[in-house]
Every structure is written in structure tokens, then in C-alpha cells.
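Number of protein chains: 2
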Amino acid sequence: MNPSKPLNARSTQTATLAEIAREAGVSAPTVSKVLNGRADVAPATRTRVEELLRSYGYRRRRAEATRSPLIDLVFHELESAWAMEVIRGVENVARDEGLSVVLSESAGRLTPGRTWADQVAARRPYGVILVLSGLDESGRALLTSRSIPFVVMDPAGDPGDDVPSIGATNWHGGLAATRHLVELGHTRIGAISGPSRMMCSRARVDGYRAALETAGLPVDPALIRPGNFHHESGYRAGLELLRSPDRPTAVFAGNDLQALGLYEAARELGLRVPEDLSVVGFDDLPVARWVGPPLTTVRQPLTEMAEAAARLVLELGREQGASAATRVELATSLVVRSSTGAPPA
Amino acid sequence: MNPSKPLNARSTQTATLAEIAREAGVSAPTVSKVLNGRADVAPATRTRVEELLRSYGYRRRRAEATRSPLIDLVFHELESAWAMEVIRGVENVARDEGLSVVLSESAGRLTPGRTWADQVAARRPYGVILVLSGLDESGRALLTSRSIPFVVMDPAGDPGDDVPSIGATNWHGGLAATRHLVELGHTRIGAISGPSRMMCSRARVDGYRAALETAGLPVDPALIRPGNFHHESGYRAGLELLRSPDRPTAVFAGNDLQALGLYEAARELGLRVPEDLSVVGFDDLPVARWVGPPLTTVRQPLTEMAEAAARLVLELGREQGASAATRVELATSLVVRSSTGAPPA
Chain X
1 MNPSKPLNAR STQTATLAEI AREAGVSAPT VSKVLNGRAD VAPATRTRVE ELLRSYGYRR
61 RRAEATRSPL IDLVFHELES AWAMEVIRGV ENVARDEGLS VVLSESAGRL TPGRTWADQV
121 AARRPYGVIL VLSGLDESGR ALLTSRSIPF VVMDPAGDPG DDVPSIGATN WHGGLAATRH
181 LVELGHTRIG AISGPSRMMC SRARVDGYRA ALETAGLPVD PALIRPGNFH HESGYRAGLE
241 LLRSPDRPTA VFAGNDLQAL GLYEAARELG LRVPEDLSVV GFDDLPVARW VGPPLTTVRQ
301 PLTEMAEAAA RLVLELGREQ GASAATRVEL ATSLVVRSST GAPPA
Chain P
1 MNPSKPLNAR STQTATLAEI AREAGVSAPT VSKVLNGRAD VAPATRTRVE ELLRSYGYRR
61 RRAEATRSPL IDLVFHELES AWAMEVIRGV ENVARDEGLS VVLSESAGRL TPGRTWADQV
121 AARRPYGVIL VLSGLDESGR ALLTSRSIPF VVMDPAGDPG DDVPSIGATN WHGGLAATRH
181 LVELGHTRIG AISGPSRMMC SRARVDGYRA ALETAGLPVD PALIRPGNFH HESGYRAGLE
241 LLRSPDRPTA VFAGNDLQAL GLYEAARELG LRVPEDLSVV GFDDLPVARW VGPPLTTVRQ
301 PLTEMAEAAA RLVLELGREQ GASAATRVEL ATSLVVRSST GAPPA
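Going down the list, the protein sequences come from chains X and P.
Heads up, the first sequence is in full-length UniProt numbering, so the first residue is 1 and it goes up one at a time.
Heads up, the second sequence is in full-length UniProt numbering, so the first residue is 1 and it goes up one at a time.
Heads up, some of the hints might be wrong.
[To be verified] Residues from chain P shown here face chain X by an in silico Cβ test under 10 Å; the list is partial:
(1) 26
(2) 70
(3) 90
(4) 206
(5) 209
(6) 285
The set of hints was computed from the structure by calculation and includes no laboratory data.
Cβ coordinates follow ideal geometry from the N, Cα and C atoms, glycine included.
Start from the sequences and build out the full structure, keeping to the hints where you can.
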């Protein structure tokens, strides 16, 4: 599957649509109804037609597909301030192009459900942006057969080489965060990871390890605690790390929300940031500047990433996408504020 | 205009559509095209038809209007974590009803532009929720003539008695915040307002005044500073208040983001919260629990308000809306955390 591949010629398409109808034992208009996500098709018929569309690799000709001036934006979850930065980026591009944004949440599951895919087929957006949210095989086939391009932003899993995706240099970010702590003189540096199924989280922790190893410092597995990118898990992992007898003097918190949870754990234990504990976050959400002390963090250009994803998906839709890179990583950068300092004497 | 009024009978409607076409000197299908937001109508013709639709008070019969399974959600601005709470509420209801949410930003203007209205007319959502964002006369007429119901959430201005709206008890919130400070023994209490054109902001400051007056304390205009509900304005107003010779010992910050700006101003001047300065916010965003010290604030049930707005607009669309209250205010409540205490001795 490659959204940037040129479409088949008309004759092949027409033959295929007719063939699919014949093979499914239905009329051509019924196949059209399925393609348009219409509700008035029996579920069994629809399943049969979808399977045939997929096995034939059918792709709707763009000319016959009337688009709605919409971009679909799908989140794994809408819980965090993180999501707002992404929404703003997509809105910026949509506004410039006279498009509106349809927002969905896959409600914690990493693959949006069938109902969502049906709705997308019915409303025919210009393109789909999936945030931290993959597409299963049938979802991909459904979008492909309707010629609806899609892009994955900051993929949770490995999206596959043929899926266009936009990310950030997570590994370099983890490296820069940890090197900063090493340069300040810290030797016992902890880390709180995100969910292990998310590639961005693995990459950050690997960058942390690389910084320790290249500095000749040991990597102590007891200092790496699992989190889920939420405040609460930073608090819990923070209490564990800070209550241990040989506690770390600095922690790379994995993201900003976990860093704020870690702040709370430190406050509860009477430890001052940065005098007793240095903390580095990841993301640079607006709140990172506002907390006390202002948080040293790795800036991830979320709004720019979302803008790039929106522009890429529209390019793919205009079929100028043949040369579009399938994976773009925008640079992260360390922002030093007041939560990091030398280790306690 | 009253979205909850029963629709006219069929005969009247048909006559009116034909009449409008005749009077505009166009065909009935052209009037339909205008109603459907189609692009292939000359701008002058469209304007003429819109004016006639409006002056005749034309309302499309619901049966002939095919709806898209969408709810339109329009924000004044998407800058704040505030917006995420609202989006979640609307998403909750939409998901239960099998609808998707179209998100727009009126880009800082308080009335969404004409392009937006055209897009809404073309996509025919089940309903429109306007957040802190009014509708001008022509926007209302446009939605009304298409029988697209709308609800205003937390109106910035006075939405008018005939516009269904959902808000919170802002006045009581300002009262409760300030009474809490009075009860702690404060007598010099400052306030930072939001934009004066927003009714919610005026109501909060009026609640603050009422608390002082009923406690027999003077209202000092020099202690009330204007803000715009953003962090930066809380910081600037905070510096002004805290640098004055007879500085307040407590401040009602108007909202949580301004409270965080005030924290920063206090830190910069070496004042401790709450030992030297008590601070109360408004909203109870997630970040209020995470900052140091955790913020005493007035909880506004944003997600529940958004859910109520979504349910109300869907009810209006189902024409069960005849009995729908045109103005619902959900209760605010004071949440006492660690940013408030007795005044310095």
C-alpha cells in the first residue's frame, strides 16, 4: 500500500468495479454504496464487498470521489495538554486551506474502530492524520480503496516503511537531556519511561542510556521506572526512586507531565528542586514555563509537527506526494530553565 | 429566533421556497443550492437569496434536510488547556451518539466568519456549539433557515434570551473565592479580571465585590487589575499589584492561568505563597493540582458543561427542545488546596 502511487488507469478501475459487483453477486450501485459508507447495505454484503475491494487492491479514481472540505484528526486519547498543541497545528493548516477539522478519539485503543472507519468513508475527508494511533490492515485497506490519504504522527508502534509519518528526534532528545545532567556533575541519574509499546518512549530511554554509556557511567536498571506519560505515574515512580536508600540526584522524567508528578513526590518528601534533585522533562508544554521552578525540558515542536503532518496529507491527496518522504523527524532541542543544577555536595 | 419553536407546516414552507425563488428571479433549485452551501452560485445571487430567506424567516423542513453525523464545535481561541476540557465533554456525548466533532477556531474574533457559516451550511451538522463565541444576526439567520440548532457555552457577551446557553455560576464562584480569603483574615484583597467584554469575567469580579461589601470591607479600585485570562497578563498584573507600597495580602486571580502568572510574579519578588501572599484561581484545570503549592481555586465543571451543551443541542435537533431551558448554569465550587492561608502578621 502506498498512498503516493499513481492511480490506475480508468479502464482497469471500471473493469474492477464491475468485476467486484459480479463476483459479490450484487449490482454496481451496491458496491458504490459500500464505497460511500452508506448505511443501507446488509452487513454481510458489505463485508463481502469490502473483502473483494481489498483483495483486488481496488482504488477509487479521485475524480469520482467528491471530497468534503475536512481533515480527520484522530487521537489515541485527548487527556493531555499535549493534544492541544497538535490540534492547533492542524487547525492552522486547515484554516489556510479553507478546511475544517473533524476530531475523534480512539478512546485509549491504539487502532480506531470500525465505526470510525465507516464514518470516514462516508464523509470522504481530504485526508486523515492519526496521532499516536496506528491503523490495522482492514482500516488501511478501507482508506486506500477510497483514495483517502493518511499520515501517522509520532507513531506509537512501527508504522511500516510504506506509511508516511511525522515524528521528532526522540532518541537525540533523551541523549541531550541526560548529557546536560552528566555535565552538571550527576552520576546517579534516574529515568521514568512512557509506555513500552510506544516507540517514542523507547527511543527517549535509549538516548538516556547512550548518554550514560558514552560518559562511562553505569546504567542501573533499578533507576529506570515505567510510567504511562501521565502526571500520576510520574508521582508514583518518583516516590519509588526518591525513597530508595541510594536515591538518584537527578531524573530524566520522560515527559513534562511526569516531571510535574515527580515535583510533587519531591515536595512530599521535603526535597528541593534543583538543590536536592534535578529534573528534566520532555515536550515543553506551556505549563513547563509556569511551574515552580520553571522546568528544564526537551522541546518537541508539536505544533510544527502537526502542521507538517497536515501539509503532507494534503500533498498526498493532490497526488504531488510521489516524492514525499515517508518518515520525517523534526528536531528536538534542550531548553534549560531552573529545575537542574549541580548535585548536592 | 427560537430554535425550540415547532417548525412551520409543510404547505407554508413550500410556498415560501417558491416565493423566494420567484422574488429573487432564480429557479427553486438555485435556492436549494444556496441552502446547501453549494459553491456554484454567483455571490450576488447568493446574497440576494440569503436576504430573502432571512426576511421571510424561512426554515427548512427537517425531513428534507439530510444531516451529516457531525456536531460543530467552535472556539473563540484554542490556546488554553481550558479548551481541552470542553472538547472532551463534547467528544463524550458525540461518541455515545455515533457522531463526530468538527472543531473550528474563530481565530480570536468573537463571531465566526462567513466562510465558517457557509461550510456549516454545506455539511449540515446535527447542531452547533459555540464556546465563548457569539453569532451575529446573519450567522443566526443562516443556521435558522437551515434548521441547524445551536447552543452557546459560557457566553462572552449577552447571548439574548432566545439563544439557548450553558454557563456556570461565575458570580457565586467569585463570591466564594473572596469569602474564603476574608474568612482567613485578609482585608486587602486584590483581583485580576478577564476581558471586560466577557460576561463570565464581569460576573466573577462582581462576586468578589459583593463578598467585600457584605463583609464590610472597602472596595479599592486600585486593587482590581485588568487581565485577558492568559498567564502573561496574570504575571504583569501581579507585578503591578505586588510592587505597590500597600500591596494586597491575597489576590483572586480570575482564572487558573492568571493565578500561575501571579505565582511567577511572587517568585520574582521573593514572596512566598501562601506565607506572604494567598492566591485563588478559577476553573480548576488539571494543572491547578500539579503546581507548587497546589492551587486553591473555584471549580468550574467544564467537561460537564460541554456535555450538557452537546445534549441540549441534540435535543433541540430532535425537536424535543420545546421545553429546553434557554439558560442553564452549572454550579461552581471552591476547592481549597495549599495556596491560601492567614495573612502575614
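*Going by Cβ atoms only, is residue 70 of chain P closer than 10 Å to chain X?*
holds, 7 Å
Evaluation of the interface hint that places residue 285 of chain P against chain X, nearest CB under 10 Å: With a closest approach of 9 Å, the residue 285 of chain P hint holds.
Does the nearest C-beta of chain X fall within a distance shorter than 10 Å of the C-beta of residue 206 of chain P? Constraint on residue 206 of chain P not satisfied, violated at 28 Å.
The hint names residue 90 of chain P as touching chain X; please verify it with the least Cβ-Cβ distance against 10 Å. holds, 9 Å
_Per-residue hint verdict: residue 209 of chain P, partner chain X, C-beta under 10 Å_ = Violated, because the Cβ-Cβ distance from residue 209 of chain P to chain X comes to roughly 28 Å (cut-off 10 Å).
Note to self: Restraint: residue 26 of chain P near chain X, CB-CB cut 10 Å. Satisfied or not?
What the structure shows: Cβ of residue 26 of chain P sits 24 Å from chain X, so the hint is violated.
Consistency with the previously given hints fails for numbers 1, 4 and 5, ordered from lowest to highest.
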